[in-house]
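Undergrad: All chains, please: the whole structure from these sequences, using the hints.
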Amino acid sequence: MARDLNTIASGLPLASELVINIALIGGFGLGKSSTGNSLLGKNIFKARKGGGATMACQSLRSVTPGGSFIHVIDTPGLIDLSASAEINLEILNCLDMAKDGVHAVLFVKSVVARRSVEDETQFNHLLLLFGNKICDYMIVIFTGGDHLEDDNMTLDDYLSYGCSDFLKVVLRMCGGRKVLFDNETKDEDKKTKQVQELMAHVATVCKNNDGNPFTKEMISGGD
1 MARDLNTIAS GLPLASELVI NIALIGGFGL GKSSTGNSLL GKNIFKARKG
51 GGATMACQSL RSVTPGGSFI HVIDTPGLID LSASAEINLE ILNCLDMAKD
101 GVHAVLFVKS VVARRSVEDE TQFNHLLLLF GNKICDYMIV IFTGGDHLED
151 DNMTLDDYLS YGCSDFLKVV LRMCGGRKVL FDNETKDEDK KTKQVQELMA
201 HVATVCKNND GNPFTKEMIS GGD
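When the sequence shown is numbered by our numbering, its final residue is 223 and no position is left out of the sequence of numbers.
None of these hints come from the bench; they were simulated from the model. For each residue, glycine too, the CB sits at the ideal point set by N, CA and C. Hints are supplied without guarantee of correctness; some may be wrong.
[Stated by the list, open to error] In silico SDA-like pairs for lysine to any residue, Cα to Cα no more than 20 Å straight-line:
#1 207 <-> 19
#2 133 <-> 171
#3 42 <-> 69
#4 186 <-> 196
#5 193 <-> 149
#6 191 <-> 180
#7 46 <-> 79
#8 133 <-> 193
#9 42 <-> 184
[Claimed, not checked] What follows is a set of in silico ranges between Cβ atoms, one per label pair, in the way DEER data are often shown:
#10 217 <-> 113: 15 to 23 Å
#11 200 <-> 46: 24 to 32 Å
#12 200 <-> 154: 12 to 20 Å
#13 154 <-> 99: 36 to 44 Å
#14 117 <-> 42: 32 to 40 Å
#15 172 <-> 113: 14 to 22 Å
#16 113 <-> 66: 24 to 32 Å
#17 117 <-> 154: 20 to 28 Å
#18 212 <-> 117: 30 to 38 Å
TA: Structural data, given as structure tokens:
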């Protein structure tokens with residue numbers, strides 16, 4: 001059952017202020033919940049190494065370092081096209097939890113999990129649920145930035161040498177929007193910078209879609 005965790009939040013926006021709805025979507029154990037916690041600046045979503053922790057949508061509103069009001073929605077992990085109706089409905093529930101619709105969808109992948117077949121399966125599951133139009137709202141989040149740093153690699157290095165060909169296709173479909181996240185860092189400057197980089201992409205997505213969020217009505221009308 002979906003849970004709105006805003007009873008523990010502070011500094012909520014006024015009714016007249018824009019709240020940016022952001023949904024986290026991806027496979028199990030790839031860092032969805034940890035990325036949500038990095039965005040919120042607090043450990044709210046349960047993130048367990050090994051995956052499988054999130055089985056229902058959870059959400060919380062917060063304020064970014066840049067002052068934007070955000071509503072972050074964590075969803076159950078994408079499985080494959082044979083996922084149960086219950087799981088599919090719960091993932092789609094993120095659209096109901098976001099008032100007026102979702103402004104950006106973060107498709108979460110890990111630089112550690114280099115599995116082309118799973119990349120394709122999870123992305124196809126995403127398209128099955130939301131339709132092709134979702135790509136206009138999508139930003140690819142690569143978790144595991146600490147691992148690349150340990151290997152003296154940048155995200156561009158990974159995309160050139162370690163990324164699956166299918167994931168490169170996904171990046172082209174979403175306009176090349178991507179951000180590397182290190183959810184383990186204690187460096188406050190790095191935490192702020194990666195959130196700011198993401199929010200710049202979110203602003204681009206909003207502009208490209210004329211400020212119109214993604215809604216359930218767009219699913220049947222997708223390309």
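Undergrad: Compare the structure with each hint and give your call.
TA: Against the structure, the hints:
no.	hint	result
1	207 <-> 19	holds, 15 Å
2	133 <-> 171	holds, 14 Å
3	42 <-> 69	holds, 15 Å
4	186 <-> 196	holds, 16 Å
5	193 <-> 149	holds, 16 Å
6	191 <-> 180	holds, 11 Å
7	46 <-> 79	holds, 19 Å
8	133 <-> 193	violated, 29 Å
9	42 <-> 184	holds, 13 Å
10	217 <-> 113: 15 to 23 Å	violated, 34 Å
11	200 <-> 46: 24 to 32 Å	holds, 28 Å
12	200 <-> 154: 12 to 20 Å	holds, 18 Å
13	154 <-> 99: 36 to 44 Å	holds, 37 Å
14	117 <-> 42: 32 to 40 Å	holds, 35 Å
15	172 <-> 113: 14 to 22 Å	holds, 21 Å
16	113 <-> 66: 24 to 32 Å	holds, 30 Å
17	117 <-> 154: 20 to 28 Å	holds, 26 Å
18	212 <-> 117: 30 to 38 Å	holds, 34 Å
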